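Construct all of the structure, not just a fragment, from the sequences and the given hints.
Listed here are the chains, written in short residue letters.
Number of protein chains: 2
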Amino acid sequence: MDMSPLSPFDIIPVQKFSAEVAGVFAVPEGSRVESRPVPVLRLELEGAVGDRHFGFTRKSTSREPWYARGTVISNTRQVTILSAEELAVVAGRMGIDRLEPEWIGGSIVLAGVRNLSFLPLGTRLIVPGGPALLVAEQNGPCRIAGKAISAHFEGRDDLELGFPKHARRMRGLTASVERAGALRAGDRVDIMVPEQWTYRA
Amino acid sequence: MDMSPLSPFDIIPVQKFSAEVAGVFAVPEGSRVESRPVPVLRLELEGAVGDRHFGFTRKSTSREPWYARGTVISNTRQVTILSAEELAVVAGRMGIDRLEPEWIGGSIVLAGVRNLSFLPLGTRLIVPGGPALLVAEQNGPCRIAGKAISAHFEGRDDLELGFPKHARRMRGLTASVERAGALRAGDRVDIMVPEQWTYRA
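Which chain is which? The protein sequence lines are A and B, in order.
Just add 3 to wherever you are in the first sequence, counting from 1, and you've got our numbering.
Just add 3 to wherever you are in the second sequence, counting from 1, and you've got our numbering.
No lab work stands behind these hints, which were simulated from the structure alone.
Among the hints, erroneous ones may be present.
[Stated by the list, open to error] List time: in silico SDA-like cross-link candidates among lysine to any residue, alpha-carbon distance up to 25 Å:
#1 A:K19 <-> B:E140
#2 B:K19 <-> A:I14
#3 B:K19 <-> A:S120
#4 A:K19 <-> B:R72
Source: prediction; values computed, not measured.
Have a look at this one:
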């Protein structure tokens with residue numbers, strides 16, 4: 004086995020920049036997908052207070068086919084982060100005048116991040132003096148969210164399948180809370196992208 | 004702002020391969036660094052039972068200078084994963100005949116992984132029918148671990164600073180438990196490296 008390490012020249016250094024919170028939402032208990040705007044999103048280390056995804060643990064779903072469905076696992080899907088710019092692009096592709104973040108269960112909408120859905124795993128989003136989030140994964144758009152969108156557009160049942168198609172790789176990120184705090188629209192978020200490299204087995 | 008997404012051709016697909024557990028260890032309460040071999044490592048979603056890093060939360064240290072020291076944050080440093088092959092390389096660089104994983108507080112030693120310390124953030128290590136781990140970060144070698152090593156080699160006080168120098172990017176990974184279970188030497192671990200891409204702000 005070749006144990007030679009990567010060259011340090013292959014490592015992309017940490018990147019830092021800022022963005023703005025455009026909106027905050029919570030998914031009430033009993034809601035299948037949709038979230039509702041809230042004036043303040045109170046983030047504890049278990050997740051967002053009043054959101055049904057709150058908890059250090061959750062049950063696995065079809066998104067984790069490597070675990071038997073319903074296995075209790077650690078919860079890295081506490082919140083869903085969306086991009087205002089990506090939502091507009093996806094709405095355009097789907098031929099609708101707007102795509103509201105609450106229709107697809109967004110928790111936080113950020114404005115001003117290039118390719119938000121491609122922020123790498125482990126990226127930190129830190130509000131000075133406020134909460135901090137740790138990016139878990141790129142989210143995958145599903146038919147259930149598509150159906151929730153189609154309910155807002157009469158005669159557009161096609162949106163149920165159109166959303167998974169047009170929102171692929173533009174459906175934002177899942178994240179967990181690393182530091183507790185309150186989040187509001189207008190807050191500045193400092194984004195810290197970790198070192199990146201390419202691993203090949 | 005350019006919102007064009009990455010080309011799908013820039014995305015490196017998921018990689019899967021297997022490795023073997025060479026040893027398991029726990030850091031007892033009261034130990035500064037060193038771990039001790041255990042016959043079985045019982046992993047709960049909070050971490051390793053009987054290890055002082057157990058818990059959904061921990062206090063931040065100088066490793067997270069972006070948080071005030073002592074801030075309660077989510078605990079992604081529950082366990083430390085080391086590579087048998089990297090330990091041998093580092094020992095050779097330091098001019099010592101061996102570098103035991105327990106001297107530097109290793110929880111799990113794996114054998115057969117190329118460049119283990121470069122497994123990307125979000126990599127899953129899954130024991131079939133057993134526990135699963137989620138890689139948090141590449142670990143950084145510190146003087147405290149160096150001093151613990153030097154205690155095993157008379158007249159080699161240089162190892163205290165030699166370790167941070169020679170083990171850079173070969174000090175393994177930190178990880179948290181995603182699925183509970185018992186881990187033993189000889190277990191097979193299925194490694195799933197997530198999709199990779201390069202993000203540029």
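Checked hints:
no.: 1; hint: A:K19 <-> B:E140; verdict: holds (18 Å)
no.: 2; hint: B:K19 <-> A:I14; verdict: holds (22 Å)
no.: 3; hint: B:K19 <-> A:S120; verdict: holds (23 Å)
no.: 4; hint: A:K19 <-> B:R72; verdict: holds (21 Å)
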